[in-house]
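K.L.:
Chains as they are written, first to last, in my numbering: chain S, 1 to 391; chain C, 1001 to 1185.
Please keep in mind that the hints were generated in silico from the structure rather than gathered at the bench.
Computed from a predicted model, the values in this text were never measured in an experiment.
Quick reminder that beta carbons are idealized off the backbone N, C-alpha and C, glycines included.
Any given hint might turn out to be false.
Said to hold, decoys possible - With a straight-line Cα cutoff of 25 Å, these simulated BS3-like cross-link-like pairs (lysine-lysine) come out:
#1 C/Lys1085 with C/Lys1161
#2 S/Lys246 with S/Lys226
#3 S/Lys246 with S/Lys233
#4 C/Lys1085 with S/Lys3
#5 C/Lys1157 with S/Lys3
#6 S/Lys205 with C/Lys1153
#7 S/Lys41 with C/Lys1141
#8 C/Lys1058 with S/Lys246
#9 C/Lys1085 with C/Lys1171
#10 S/Lys41 with C/Lys1058
#11 S/Lys3 with C/Lys1021
#12 C/Lys1141 with C/Lys1085
#13 S/Lys3 with C/Lys1161
#14 S/Lys298 with S/Lys357
#15 C/Lys1085 with C/Lys1021
#16 S/Lys234 with S/Lys293
#17 C/Lys1085 with S/Lys335
#18 C/Lys1150 with S/Lys3
#19 S/Lys3 with C/Lys1153
#20 S/Lys41 with C/Lys1085
#21 S/Lys293 with S/Lys246
#22 S/Lys246 with S/Lys159
#23 S/Lys41 with C/Lys1159
#24 S/Lys246 with S/Lys205
Stated by the list, open to error - Listed next, with one range per pair, are the computed distances between beta-carbon atoms:
#25 S/Pro182 with C/Lys1161: 22 to 32 Å
#26 C/Lys1159 with S/Pro44: 50 to 60 Å
#27 S/Gln52 with C/Lys1154: 28 to 38 Å
#28 C/Lys1157 with S/Ser40: 38 to 48 Å
#29 C/Ser1088 with S/Lys335: 48 to 58 Å
#30 S/Leu347 with C/Gln1076: 56 to 66 Å
#31 C/Lys1161 with S/Trp195: 30 to 40 Å
#32 C/Ala1002 with S/Gln294: 44 to 54 Å
#33 S/Glu314 with C/Ser1096: 48 to 58 Å
#34 C/Ser1096 with S/Pro247: 49 to 59 Å
#35 C/Ala1002 with S/Ile221: 51 to 61 Å
#36 S/Gly110 with C/Gly1182: 51 to 61 Å
#37 S/Gly356 with C/Ala1002: 46 to 56 Å
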Amino acid sequence: MAKVLMKGNEAIGEAAIRAGCVHFFGYPITPQSEVPEYLSKRLPEVGGKYVQAESEVAASNMIYGSAGVGIRVLTTSSSPGISLMAEGLSYIAACSLPVVVVNIMRAGPGLGGILPAQGDYLQAVKGTGHGDFQLVVLAPASVQEAVNLVILAFELAEKYLTPVMVIGDGMIGQMMEPVEFPIEGVGPPLDPGDWALNGARGRDKRIINSLHLDPEYCNKINMDLKAKYDRIKKNEQRWELYNCEKPYDLLVCAFGMMSRICKTAIDELAQAGYRVGLFRPISVWPFPYATCKQAMQKAKRVLVLEMNMGQMVEDIQLAGQGTREIDFFGTAGGKVFSPDESKEKMLYSLKQAGAGKSRAGVSQPSSKSEGKPKKKKAAKTAGPAKKRKAR
Amino acid sequence: MALHEILMAGFGGQGMLLSGKLLAYAAMTQGREVSWLPSYGPEMRGGTANVTVCLSDKPVGSPYISSPRILLVMNQPSLERFVPKVRSGGLIIVNSSLVPIKADRDDCTVIYVAANDLARTAGTVRAANLVMLGTLVGFSKIIDRETIIKMIKKEFKAKAKFIPANVAAFKSGYQEGTRARGGSR
């Protein structure tokens, strides 16, 4: 199939159509408004339905209803809108229903700004809403990957009967890149299985409900969810390692668009003789802890760069279990690290690690420290601290 | 090095985003890797709008570039904001019809092109963005002329009466670029 040049938001909409999604409920908010705009035109063409809800709260209950009757459904929003959907997502997770949610993150907190940010990482992977539930969370780093992951999101949502979220920053939504859709035409309808409320004639009635006043039963629901999340953790970890096949002194950890910016910086540093690898989680939940740890062990030091104030750094610390020093630099408010700024941060960490330009015979990361965890040190926040001083 | 980072800036409505799209589209049809990243902040209304286009033989790393190798500016605010950021040894193309000042960079190649005047001569002043794109292509040869012309025809398919003037504007810019190349090298 030929490649087309498409804006991320429109490509996300088209990917949902190709995956066989026929319902969209949502509310416009920059920087993702092109998704509803695109789908408002495209869904009727394929016999689907598009409804602009009166609010994100309503939209989250509309997707709950659509999934409940066994019709494939998408909603998209941006940070403040996702917060409003939190309650609905908890209900959907409790009832084990398949929905896909896309969050094109903007600067926060509060109304924040409309420019790109990654400040909803913790919200997505640790605490979307109340109760013991978990979203599967995928973080694309290109328009093509956004397309692939939206299609995968529907597959995972239906395989595990659970809500799946795709998180990208404003850049993913707004930029155009060549994309190829892996699916021709429109995918088959959702299999309603033995759970959808699609008419009880000739069978026993089904009930979708998240109120369970009997503690025994409510405990069982939680245990079942836990078992499901354990299966997802086992089967669905995805990641990318870049420049890690050769020895490296510094491991950079970044997700989403920040990882793209880091790649440019890493390439330029490689030309200057520095050895830097990149670990990028694609599934930020389930987080690929084991792979991350292995990659960390091969480096002298670790640097985390994010477009937030250090949200993923906690997962990197969990992965490393104190075996490596971790530096962190963050930027927020819609200010994006440029490749040059990222390079500066990498040079700082390389210097801290005592790693210079590579020559023949440069020593490998010392294996002496392995197995003897150093004292865990809090992530450095030199970047934001400087900013605070300036204000 | 087959990586081109091009920043195109002007007022919203001057068509720099479209110029960038035509360039990205043309490069994509040749099988190259491309990215097109617009500014979409609150500055778009009444202020400057800009787009960063990357063309590469490898997958594009960062689509966000703070110091581009090539800069096209349609207006003075864009010149003041972006000229200092161009990488040393880079290329700057200035629309001298609208920008009364010079780009103060001895370490870069600077081309002044009267884009609005040339576009008016070609048939419509609204095609000044294509004069600028033509100058870039004529000077740098980062892509062949005919592919861009094909893209212009495709873009204006629904408004076919605008095709001749836009193609003519692109060609006159291309000539300016070719001439500048002959002069400076």
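K.L.:
A separate judgement is required for each hint: does it hold in the structure or not?
P.N.:
Hint-by-hint comparison with the structure:
no. : hint                                : in the structure
1   : C/Lys1085 with C/Lys1161            : violated, 39 Å
2   : S/Lys246 with S/Lys226              : violated, 38 Å
3   : S/Lys246 with S/Lys233              : violated, 28 Å
4   : C/Lys1085 with S/Lys3               : violated, 33 Å
5   : C/Lys1157 with S/Lys3               : holds, 20 Å
6   : S/Lys205 with C/Lys1153             : violated, 60 Å
7   : S/Lys41 with C/Lys1141              : violated, 39 Å
8   : C/Lys1058 with S/Lys246             : holds, 19 Å
9   : C/Lys1085 with C/Lys1171            : violated, 29 Å
10  : S/Lys41 with C/Lys1058              : violated, 34 Å
11  : S/Lys3 with C/Lys1021               : holds, 15 Å
12  : C/Lys1141 with C/Lys1085            : holds, 23 Å
13  : S/Lys3 with C/Lys1161               : violated, 28 Å
14  : S/Lys298 with S/Lys357              : holds, 17 Å
15  : C/Lys1085 with C/Lys1021            : holds, 22 Å
16  : S/Lys234 with S/Lys293              : holds, 16 Å
17  : C/Lys1085 with S/Lys335             : holds, 16 Å
18  : C/Lys1150 with S/Lys3               : holds, 17 Å
19  : S/Lys3 with C/Lys1153               : holds, 19 Å
20  : S/Lys41 with C/Lys1085              : violated, 40 Å
21  : S/Lys293 with S/Lys246              : holds, 17 Å
22  : S/Lys246 with S/Lys159              : violated, 37 Å
23  : S/Lys41 with C/Lys1159              : holds, 22 Å
24  : S/Lys246 with S/Lys205              : violated, 59 Å
25  : S/Pro182 with C/Lys1161: 22 to 32 Å : violated, 39 Å
26  : C/Lys1159 with S/Pro44: 50 to 60 Å  : violated, 26 Å
27  : S/Gln52 with C/Lys1154: 28 to 38 Å  : holds, 32 Å
28  : C/Lys1157 with S/Ser40: 38 to 48 Å  : violated, 24 Å
29  : C/Ser1088 with S/Lys335: 48 to 58 Å : violated, 24 Å
30  : S/Leu347 with C/Gln1076: 56 to 66 Å : violated, 36 Å
31  : C/Lys1161 with S/Trp195: 30 to 40 Å : violated, 57 Å
32  : C/Ala1002 with S/Gln294: 44 to 54 Å : violated, 34 Å
33  : S/Glu314 with C/Ser1096: 48 to 58 Å : holds, 53 Å
34  : C/Ser1096 with S/Pro247: 49 to 59 Å : holds, 52 Å
35  : C/Ala1002 with S/Ile221: 51 to 61 Å : holds, 56 Å
36  : S/Gly110 with C/Gly1182: 51 to 61 Å : holds, 56 Å
37  : S/Gly356 with C/Ala1002: 46 to 56 Å : violated, 29 Å
Violated hints, in rising order: 1, 2, 3, 4, 6, 7, 9, 10, 13, 20, 22, 24, 25, 26, 28, 29, 30, 31, 32 and 37; the structure is consistent with all others.
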